[in-house]
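Chemist: So you can see what is in the structure, the chains are spelled out below.
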Amino acid sequence: MPATPEFTIDRAGGETRLHLGGSWTLDAGAEMERSSASLVNAAAEGRTAVIDLSGVERMDTGGAWLIDRARKLLETAGVDIRIENPRPDQATLLVEAGWRAFERPRTAYGSPLIAMLVDLGESVVNAWRDFVAGIAFLGRSVVALGRALGHPRLFRLTSLVYHIENFGLRSTPIILLINFLVGCIVAQQGIFQLRYFGAETFAVDLIGILILRELGVLLTSIMIAGRSGSAITAELGSMKMREEIDALTVMGLSPMDVLVTPRLLALIVALPLLTFLADMAAIFGGMVVSWGYAGLGPEAFLSRLQYAIGFNTFMVGVIKAPFMALVIALVGAMEGLAVKGSAESLGRQVTASVVKSIFMVIVVDGLFAMFFATIEY
Amino acid sequence: MIGQAGEQQLREVVIGVRGLLVGFGDRLIMRGLDLDVYRGEVLGFVGGSGTGKSVLTRAILGLVPKRGGTIEVFGQDIDQIGDQGRRALERRYGVMFQQGALFSGLTVKQNVQMPMREHLNLSERLMDELARLKIELVGLRPDAADKFPSELSGGMIKRAALARALALDPELVFLDEPTSGLDPIGAAEFDDLIQTLQRTLGLTVFMVTHDLDSLYAICDRIAALADGKVIAAGPMETMLASDHPWLRAYFHGKRARSIVAPGDALARTEG
Chain A
1 MPATPEFTID RAGGETRLHL GGSWTLDAGA EMERSSASLV NAAAEGRTAV
51 IDLSGVERMD TGGAWLIDRA RKLLETAGVD IRIENPRPDQ ATLLVEAGWR
101 AFERPRTAYG SPLIAMLVDL GESVVNAWRD FVAGIAFLGR SVVALGRALG
151 HPRLFRLTSL VYHIENFGLR STPIILLINF LVGCIVAQQG IFQLRYFGAE
201 TFAVDLIGIL ILRELGVLLT SIMIAGRSGS AITAELGSMK MREEIDALTV
251 MGLSPMDVLV TPRLLALIVA LPLLTFLADM AAIFGGMVVS WGYAGLGPEA
301 FLSRLQYAIG FNTFMVGVIK APFMALVIAL VGAMEGLAVK GSAESLGRQV
351 TASVVKSIFM VIVVDGLFAM FFATIEY
Chain B
1 MIGQAGEQQL REVVIGVRGL LVGFGDRLIM RGLDLDVYRG EVLGFVGGSG
51 TGKSVLTRAI LGLVPKRGGT IEVFGQDIDQ IGDQGRRALE RRYGVMFQQG
101 ALFSGLTVKQ NVQMPMREHL NLSERLMDEL ARLKIELVGL RPDAADKFPS
151 ELSGGMIKRA ALARALALDP ELVFLDEPTS GLDPIGAAEF DDLIQTLQRT
201 LGLTVFMVTH DLDSLYAICD RIAALADGKV IAAGPMETML ASDHPWLRAY
251 FHGKRARSIV APGDALARTE G
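These protein sequence lines map, in sequence, to chains A and B.
Numbering-wise, the numbering used here puts 361 at position 361 of the first sequence, and it's gapless, one number per residue.
Numbering-wise, the numbering used here puts 39 at position 39 of the second sequence, and it's gapless, one number per residue.
Don't read these hints as lab results, they were simulated from the structure.
Some clues are possibly wrong.
[As the list claims (entries may be wrong)] Restricting the straight-line Cα-Cα distance to at most 20 Å, the calculated cross-link-like pairs of lysine to any residue (SDA-like) are:
#1 B:K147 x A:A115
#2 A:K72 x B:M127
#3 A:K340 x B:L152
#4 A:K340 x B:E151
#5 A:K72 x A:N85
#6 A:K340 x B:K229
#7 A:K340 x A:L277
#8 B:K229 x B:G19
#9 B:K147 x A:P173
#10 A:K72 x A:R34
#11 B:K147 x B:Q110
#12 B:K254 x B:S49
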């Protein structure tokens with residue numbers, strides 16, 4: 001254990017000699033700070049003072065800083081002070097790690113209320129910019145799609161197929177599973193609640209209409225936003241981070257054509273297919289539960305279902321799917337291309353992508369609900 | 001402790017590696033490597049890409065498990081000292097990683113203060129002053145203190161990482177390719193900085209580098225790694241005199257010639 005930083009006072013004539021001893025190193029941080037403070041107190045009374053370093057065993061930048069800070073404090077207090085007997089290395093340290101004034105950083109905004117208002121204002125402006133950027137991006141994607149249609153030879157079929165497999169085929173199991181479960185749950189709750197009115201069979205209407213019009217497509221879209229939207233952002237974002245997107249651009253290839261269009265189209269193809277599978281899984285789940293809880297056999301279930309729903313019920317859900325896909329792919333690609341150089345930025349954009357695309361999916365669903373209500377479909 | 005170390009006749013060994021074996025899978029990277037680093041020197045560690053320069057550093061730091069051999073740091077076998085001793089040891093060295101490894105969620109000042117906060121008992125005010133002092137010592141502007149790593153240029157990140165490595169006033173500093181990714185002027189400045197700090201603070205520096213200029217300018221000794229062993233260690237003259245094909249290619253190659261060609265004496269005085 002190193003000796004504690006300490007000092008002895010020797011008053012002779014008008015001069016105060018302060019003999020420093022021990023280790024003035026950061027290990028003894030708190031003691032060193034105390035010693036340095038009492039050093040100032042001890043010498044402040046006299047007119048001249050000497051800090052004698054001959055007894056100091058060890059000193060590091062922390063010690064040098066504190067000793068020199070004490071010297072400076074005394075100097076400003078009007079004491080004639082000097083430092084004596086430093087070893088050569090200590091003298092260097094006292095210069096290199098000597099006292100200096102640091103500029104205090106200015107706090108950005110005076111009052112926290114103003115800071116809060118600034119924050120709020122910034123978010124509103126950013127939300128508006130996001131919206132405008134989204135519209136602009138939609139426009140660019142449409143142009144890219146148009147180009148792809150105009151030059152089918154340049155269209156990246158392999159890429160499209162690959163992404164359909166990734167977004168569609170590979171998410172099939174999880175989509176089937178969650179929709180099956182939700183179908184079961186809706187059926188069970190429907191049966192329990194409607195039993196009070198003796199209208200258990202109407203649970204079939206409930207399942208059919210709710211699943212086909214809303215739940216199937218909504219759950220699938222949310223799942224895909226979390227699974228594939230985030231994947232699009234992460235893929236494009238890491239390509240942006242490693243300058244791969246810039247490399248594409250300087251080769252004369254448009255990242256919109258090469259990267260965004262295939263993903264966009266793939267998702268537009270995959271999501272309606274997944275929605276169909278989701279609808280079937282959910283209805284199957286409902287059928288299983290109806291059989292178990294209400295004793296409604298498959299035959300009775302299906303004939304009741306046929307009576308309850310029409311082709312339009314199914315179409316309402318499926319028509320929404322490509323639009324959901326468009327929103328998810330656009331948000332995902334936009335956030336991916338907005339990634340800056342760092343890994344934190346990638347993480348931030350992936351989170352933003354998932355949150356925004358789920359939000360947009362629900363907004364779009366609401367708009368469609370209003371639309372279908374108006375046209376009475 | 002500080003300064004004057006180089007003049008000692010019997011030099012104290014700060015890092016002693018004996019018969020080190022390190023491997024991944026069935027590939028052996030260190031095959032009985034021996035190395036000594038003496039107090040107060042700047043040791044430049046060279047080797048071709050993929051020969052395991054960084055692996056050795058990481059093995060000494062205890063980040064990579066070794067299969068055999070002993071590593072002594074400050075005379076203590078790192079296998080024998082246990083967690084407590086290990087932590088005490090870690091306080092005595094600072095590490096600067098190749099990419100800086102600054103904590104991205106903290107400002108430069110907070111990065112420098114991080115080890116102080118964990119290991120030392122200091123007042124907020126002193127920590128603030130010391131952090132700013134270290135930031136200034138490594139040649140960063142004061143306003144860099146409150147910036148986040150993502151707002152810094154490559155050279156500034158290296159300097160900030162060095163400031164963090166120096167936070168606890170270590171006796172030993174590991175630098176992993178300190179000048180890689182810097183332009184020649186920035187690299188030369190960084191060499192000067194390392195040398196100034198080394199002299200002022202009496203540091204022992206273990207530096208992995210590819211930079212021939214750095215080797216000439218600031219390294220007291222050079223150790224060369226090939227085939228999992230140190231094939232040569234000593235001052236530049238030893239390296240230049242060596243017959244080992246890799247060393248000949250390295251120190252007498254086209255890139256080295258511009259530094260060596262004007263005559264060894266000239267290059268040394270310039271450095």
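Chemist: May I ask which of the numbered hints given earlier this structure violates, with the numbers listed in increasing order?
Modeler: 6, 7, 9
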